[in-house]
Each structure stands twice: as C-alpha cells, then as structure tokens.
Amino acid sequence: MEALSDLLLGLSVALTPANLFWCFVGVFLGTIVGVLPGLGSPATIAMLLPLTFRLDPTTAMIMLSGIYYGSKYGGSTTSILLNVPGESASVVTCLDGYQMARQGRAGPALGIAAISSFIAGTVGVLGLMLIAPPVARFAVRFGPPEYFALMCLGLAMVVFLAGKSMIKGLIATLFGIWLAGVGTDIFTAESRFTFGMMELLDGIDFIVVSIGVFAVAEVLVNLESQAGAELFKVPKGLRNLLPSLQDLKDSRFAFVNGSVVGFFIGVLPGAGSTIASFLSYGVEKAFSRHPEKFGTGAVEGVAAPEAANNSETGGALVPLLTLGIPGSATTAMLLAALILWGFRPGPLLIQENPVLFWGLVASMYVGNIMLLILNLPLVPLFAQILRLPYFVLAPAILGISIVGVYSVSQSLFDVWMLGVFGLLGYLMRKLDFPAAPLVLGLVLGDRLEQSLRQALMMSQGHLSILVMRPMSAGLLLLTVVILLMPVAGKIRSWRLKAAEEGI
Amino acid sequence: MRLQSKNDFVAGLCVGGFGIFVFYEASDLPYLSEYGPGPGLLPLWLGIGFVSLAAVLVVNTLLNREGSEQVAWRKVRRPAAAWIGFVITIGLLSRLGFTLSFALLSLFLVLVMERRSILTAINVAVSLTLAFYLIFVFSLGVPLPLGPWGF
Numbered sequence: 001m002e003a004l005s006d007l008l009l010g011l012s013v014a015l016t017p018a019n020l021f022w023c024f025v026g027v028f029l030g031t032i033v034g035v036l037p038g039l040g041s042p043a044t045i046a047m048l049l050p051l052t053f054r055l056d057p058t059t060a061m062i063m064l065s066g067i068y069y070g071s072k073y074g075g076s077t078t079s080i081l082l083n084v085p086g087e088s089a090s091v092v093t094c095l096d097g098y099q100m101a102r103q104g105r106a107g108p109a110l111g112i113a114a115i116s117s118f119i120a121g122t123v124g125v126l127g128l129m130l131i132a133p134p135v136a137r138f139a140v141r142f143g144p145p146e147y148f149a150l151m152c153l154g155l156a157m158v159v160f161l162a163g164k165s166m167i168k169g170l171i172a173t174l175f176g177i178w179l180a181g182v183g184t185d186i187f188t189a190e191s192r193f194t195f196g197m198m199e200l201l202d203g204i205d206f207i208v209v210s211i212g213v214f215a216v217a218e219v220l221v222n223l224e225s226q227a228g229a230e231l232f233k234v235p236k237g238l239r240n241l242l243p244s245l246q247d248l249k250d251s252r253f254a255f256v257n258g259s260v261v262g263f264f265i266g267v268l269p270g271a272g273s274t275i276a277s278f279l280s281y282g283v284e285k286a287f288s289r290h291p292e293k294f295g296t297g298a299v300e301g302v303a304a305p306e307a308a309n310n311s312e313t314g315g316a317l318v319p320l321l322t323l324g325i326p327g328s329a330t331t332a333m334l335l336a337a338l339i340l341w342g343f344r345p346g347p348l349l350i351q352e353n354p355v356l357f358w359g360l361v362a363s364m365y366v367g368n369i370m371l372l373i374l375n376l377p378l379v380p381l382f383a384q385i386l387r388l389p390y391f392v393l394a395p396a397i398l399g400i401s402i403v404g405v406y407s408v409s410q411s412l413f414d415v416w417m418l419g420v421f422g423l424l425g426y427l428m429r430k431l432d433f434p435a436a437p438l439v440l441g442l443v444l445g446d447r448l449e450q451s452l453r454q455a456l457m458m459s460q461g462h463l464s465i466l467v468m469r470p471m472s473a474g475l476l477l478l479t480v481v482i483l484l485m486p487v488a489g490k491i492r493s494w495r496l497k498a499a500e501e502g503i
Numbered sequence: 504m505r506l507q508s509k510n511d512f513v514a515g516l517c518v519g520g521f522g523i524f525v526f527y528e529a530s531d532l533p534y535l536s537e538y539g540p541g542p543g544l545l546p547l548w549l550g551i552g553f554v555s556l557a558a559v560l561v562v563n564t565l566l567n568r569e570g571s572e573q574v575a576w577r578k579v580r581r582p583a584a585a586w587i588g589f590v591i592t593i594g595l596l597s598r599l600g601f602t603l604s605f606a607l608l609s610l611f612l613v614l615v616m617e618r619r620s621i622l623t624a625i626n627v628a629v630s631l632t633l634a635f636y637l638i639f640v641f642s643l644g645v646p647l648p649l650g651p652w653g654f
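Residue numbers (this note's numbering), protein chains in the order written: chain A, 1 to 503; chain B, 504 to 654.
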C-alpha cells in the first residue's frame with residue numbers, strides 16, 4: 001500500500017509537462033544512440049551532463065536515465081538488420097535476430113525485441129520499486145569468489161552457443177579470454193601480449209572484435225557470390241512486418257526468463273547486461289522444446305536476451321540508488337551526476353529524496369511506454385532497409401563498422417584491428433568455429449581473471465575458497481552440471497544407438 | 504590415412520601452435536606476484552587449454568570422429584579481394600579522410616566486385632557518402648578522420 005502511494009507521488013512528478021518532455025528527449029536520444037553502433041550511452045550522458053545543470057535535478061535524472069534505457073531498446077536494431085552488434089549485450093540478439101531477417105522476418109524480430117524490451121523494462125522497474133533495499137543488501141554479499149563462480153556460469157553458456165562442435169566452441173571461448181588479457185595487468189602494471197605496441201596497452205575493445213567477427217565477416221561471406229538484386233526477403237503488408245500471435249505465444253517464457261535473469265544480474269555490480277543476455281539465452285535454449293532451432297531464427301532467441309538486457313537497467317539502478325555503487329560505466333556517470341547535484345546515493349536516498357527516487361521510478365514506467373510507441377511504428381520503416389540491394393548494403397555495413405569502431409576511441413589502430421578481426425571472423429566461419437563464444441570469453445574474461453586473483457589473494461592462494469562459500473559453491477556446481485549436459489546427451493544417444501542395434 | 508576434414512586437422516595444428524606460443528610467452532610473466540597470483544597465471548593455463556583442445560581436435564579428425572565440410576577455397580577469391588579493398592580503405596583514412604576513402608570503397612565494391620555500371624557505382628558511392636556525412640558528421644557530430652580538404 002505504501003509503495004502504491006509512493007508511486008502516486010512519483011507519477012505526480014513524472015507526469016508534469018516538463019518532465020514528460022525531457023523524458024521523451026532522453027528516450028529518443030537513447031534510441032538513436034542505441035541504433036548507431038559505437039555511440040554508447042556513457043559517452044552520450046557524459047556529453048550531455050553539463051547541459052543538464054540548468055534543469056531541475058529530478059528532471060535531469062529522468063532525462064539521463066531515459067538515454068540509458070532508451071539505448072537498450074535501440075541496440076537490437078542493427079544486430080537484427082545488419083548483424084552489427086552495437087553493444088556487447090546485443091551480440092546474442094545477432095544469433096537469431098539476423099537469421100530471422102534473412103528469412104524475411106526482420107519485422108517480427110524487431111517487433112518482438114521492442115515488446116520484450118517493454119515488458120522486461122517494466123518488470124525491472126517493478127523490481128526496483130518493490131524489492132530494491134533487500135536485494136541490494138544481498139548483492140553486496142557477492143565477493144570475488146562468487147563473482148568468479150558467476151563468470152564461470154556465464155562462460156558455461158558456451159554449451160548453448162557452440163553449434164556443431166563443442167571443442168571448437170571451447171577453443172573460441174579460450175581465445176576470447178586470451179584477448180581479454182591483452183594489455184596492461186591492472187594488479188602489477190605489467191604488459192601482456194602487446195608485442196611492443198603502445199596501442200595494445202589499453203587492451204582490445206569488445207566493439208572492435210564483435211563488429212569484426214560478426215559484421216565484416218558476414219559481408220565477406222555474402223560477397224562470395226555476386227549478389228543478386230536482394231539478399232533479404234521483405235514481405236509486403238504491415239501484418240507481415242509485426243510479430244504474430246504465435247510469435248508472442250512462443251516468446252512468453254522468454255519474456256519471464258529474460259526479465260527475471262536480467263533484473264537479478266543487473267543488481268550485481270559489475271556483472272552487466274552482457275552476462276544477463278547470454279545467461280537468459282542459455283536458460284531459454286536449455287528449457288526449449290526445440291533447442292535445435294536456436295541459432296537458425298528462433299523468435300525466443302531474440303526475446304530472451306532483449307528482455308534480459310532491458311530488465312537489467314532496473315536491476316542496475318538498485319545498487320546505484322540504494323548503496324551508491326555503480327555497476328557499469330553508464331551507472332557510474334549517473335552516480336557522478338547525482339553527486340554533482342548534491343545528492344548522497346545510499347541507504348537514505350529514498351527517505352531523504354522521495355521526489356527524486358519515486359519520480360525517477362514513475363518516469364521509467366512512462367518512458368517504457370513512450371519507447372514502445374516510438375519503436376513499434378519504426379519497425380516497418382527499419383525493415384525497409386533490407387529492401388536495398390546487397391551491393392548498396394555491403395558498403396553501408398562496412399562504413400557503419402568503421403564509424404562504429406572509430407567513434408569509440410578515435411583510434412585508427414582500432415580500425416586496423418577491425419580489419420584483422422573481420423578476416424579472423426571470416427576464417428572462423430569457413431572453418432566452423434562459432435563467433436559468439438569468442439565474444440563471450442572476451443567480455444567475461446577480464447572479470448573472470450580479476451575475481452579469481454582477488455579470491456586467491458583473500459585465501460592466500462588456497463583454491464578451496466571457491467568451494468567453501470555456499471553461494472560460489474552452488475554457482476560452480478551449476479556450471480559443472482551445464483558443462484556436463486552435452487556429455488550426458490552423447491551418452492544417451494550412444495545408449496539409444498546401442499539399444500537399436502541390439503534389436 | 505584419408506582425413507575426413509583436412510581443414511580441421513590444419514586448424515587444430517594452428518591452435519596447438521598458438522597455444523604453445525601463449526604458454527611460452529606466459530612463462531616469461533610472473534606466475535606469482537607480491538600481491539598473490541601474478542599476471543602469468545591465467546595465460547599459462549590458457550596455453551595449456553589451447554594445446555589440450557587442439558590435441559582433441561586433431562585426434563578426433565584423425566579418428567574421423569569429427570569434421571566439418573571441406574571448405575571450397577575457390578570461393579575465397581572474391582571475399583579476399585573485398586577484404587584487401589577494405590584494408591586499403593583503412594590505410595587511406597589517415598591520408599584522404601573518411602568521406603573520400605569511403606566513397607572509393609563503395610565505388611570499388613559496386614563497380615569491381617559486383618560488376619555494376621559506372622553510373623550505378625557513382626550513384627551508390629555519392630548517395631551513401633552523403634548519407635553518412637549528413638547522419639554522422641553533420642547531425643550527430645561524430646568525429647571521423649579528416650582529409651587534407653577538411654572533410
């Protein structure tokens with residue numbers, strides 16, 4: 001009852017004309033930032049932060065948060081249409097979203113991404129509103145051993161991403177983890193695998209790798225034969241450009257799975273939306289009646305990671321607002337903004353600044369509705385991009401790839417690396433090495449190593465710390481179970497074969 | 504012995520070689536530091552992991568247990584040409600700027616790779632370059648490499 005009256009207070013703040021206007025500006029800018037690869041929400045918030053000092057702090061926070069969750073809505077667009085992941089969390093959306101686009105189902109894929117983003121975004125805000133303080137207290141009990149176990153669980157998702165060969169999936173994952181280790185070691189400042197190149201001291205950005213192995217490699221594969229007029233089919237009629245009732249029915253579990261996984265992963269500082277999207281995809285495939293369809297254009301394969309990616313926003317705001325702990329670059333920018341305006345994010349923020357907290361929560365409900373209204377009509381428009389003949393799309397994709405990579409750090413070295421990873425991605429495709437596990441390893445590898453080393457420092461080198469704490473032991477056990485699933489499947493198929501031969 | 508997949512065999516050997524390189528490089532890094540585990544800890548085990556997985560891949564291929572389809576390397580000529588064009592474009596970015604380099608890449612892909620008419624190629628190159636300039640440079644202010652002519 002108290003939450004309801006607090007929400008009403010929030011709605012009275014969020015629904016003022018000025019806050020509605022700035023909320024719209026935020027979600028609109030966020031959508032644009034999300035659509036364009038490389039232009040991340042942290043950089044956009046950093047650029048706009050000085051301009052918001054003239055605004056009321058609550059209004060400014062509403063707008064900046066709008067950029068944050070709006071960018072997640074837009075992130076799926078280029079992944080689905082062009083196989084260009086704009087952010088690491090969108091990599092998973094490429095797997096089935098792009099395949100749907102190739103089958104003439106770009107519209108339903110974009111539509112389901114928008115709908116699942118709306119549902120999960122709303123669930124994430126509900127979580128933020130109802131269970132923020134207790135969940136935040138639980139999150140701070142997560143120490144390095146638990147993070148290490150969580151990263152292992154995330155890496156175990158390779159089982160669901162490996163495709164035909166588990167060995168090749170594991171090799172790709174190891175290569176991703178190795179790439180994550182390139183650069184300066186943060187504990188000892190020692191350089192590793194930099195080959196004497198200054199540019200590699202900062203490490204390799206995931207965006208360079210993911211755009212290279214997905215987008216550039218895809219263009220190279222498509223250029224193997226001379227392109228006909230259209231590589232993609234785009235059906236006519238609005239009905240065929242939006243998700244059908246069957247699509248929604250097929251995705252109902254994915255909405256729930258993605259929302260729950262996304263929120264709880266979001267609450268953990270530093271875990272991030274990437275692990276949330278990979279985990280929800282793995283859960284969806286593990287419980288699916290037709291796991292073989294994943295990777296070939298399953299609608300649930302788009303709904304689950306998109307839901308997780310958006311629900312994570314609500315979760316990520318929990319430690320930020322209730323404990324003052326930012327879990328990502330974007331929430332760190334939001335924390336900086338709160339401190340600049342004189343707020344003290346922490347356990348007392350909700351009591352001391354109810355207008356800010358509840359106004360923000362209510363604005364996120366409003367913003368999610370705005371985003372759905374903004375994005376669904378854009379679906380048929382975006383789908384029309386695929387009507388362009390491939391000889392127009394190919395240079396456009398390569399151009400977007402260059403802009404996406406260059407805009408992150410203004411480094412031509414990174415663009416050279418894009419060329420290298422494009423070639424690597426192409427060779428991987430030719431030799432049947434899956435690309436998604438490589439990105440999975442790259443994104444989680446850094447955190448995996450950090451948490452392992454921190455855990456071993458805590459225990460003075462004893463590995464037992466990883467299994468002595470109940471939460472990390474439980475997560476590691478789950479990891480082992482998932483990794484053994486393919487072995488169990490093989491044993492079952494051998495037994496069936498033996499039984500058949502016996503007959 | 505006839506290999507089911509020569510590609511997997513060669514890929515396995517390459518991964519194995521890479522694993523040995525990682526192991527060798529990692530052994531130069533401290534395995535333990537004064538703070539605890541050193542920067543060589545994970546790469547060393549990664550090297551061992553690479554070599555082990557490569558061995559499994561090679562053995563599986565030798566036993567004809569696992570193998571992807573043979574790659575039609577003849578098909579690689581066109582992507583190789585496109586990739587070289589892409590890399591040359593990257594090289595030109597610092598000299599000609601993004602706008603002109605991208606226009607040349609578009610022209611190359613449409614005219615040489617896709618064998619379209621010169622008119623179509625110019626049309627696509629100019630339209631795409633203009634669209635990129637308007638969206639990224641003019642509207643969003645994205646900093647892109649500039650040429651000697653200021654664009």
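A few of these clues could be false.
[What the hints assert, rightly or not] With a straight-line Cα cutoff of 25 Å, these simulated DSS-like cross-link-like pairs (lysine-lysine) come out:
#1 A:K490 / A:K249
#2 A:K497 / A:K249
#3 B:K578 / A:K497
#4 B:K509 / B:K578
#5 A:K164 / B:K578
#6 A:K293 / A:K164
Derived by calculation from the structure, the hints in this document are not laboratory data.
A quick look at each hint next to the structure:
1. A:K490 / A:K249: Violated: A:K490 and A:K249 sit about 31 Å apart, past 25 Å.
2. A:K497 / A:K249: Since the Cα atoms of A:K497 and A:K249 sit roughly 35 Å apart, the hinted pair is violated (cutoff 25 Å).
3. B:K578 / A:K497: violated, 38 Å
4. B:K509 / B:K578: holds, 17 Å
5. A:K164 / B:K578: Status holds; Cα separation ~22 Å.
6. A:K293 / A:K164: holds, 13 Å
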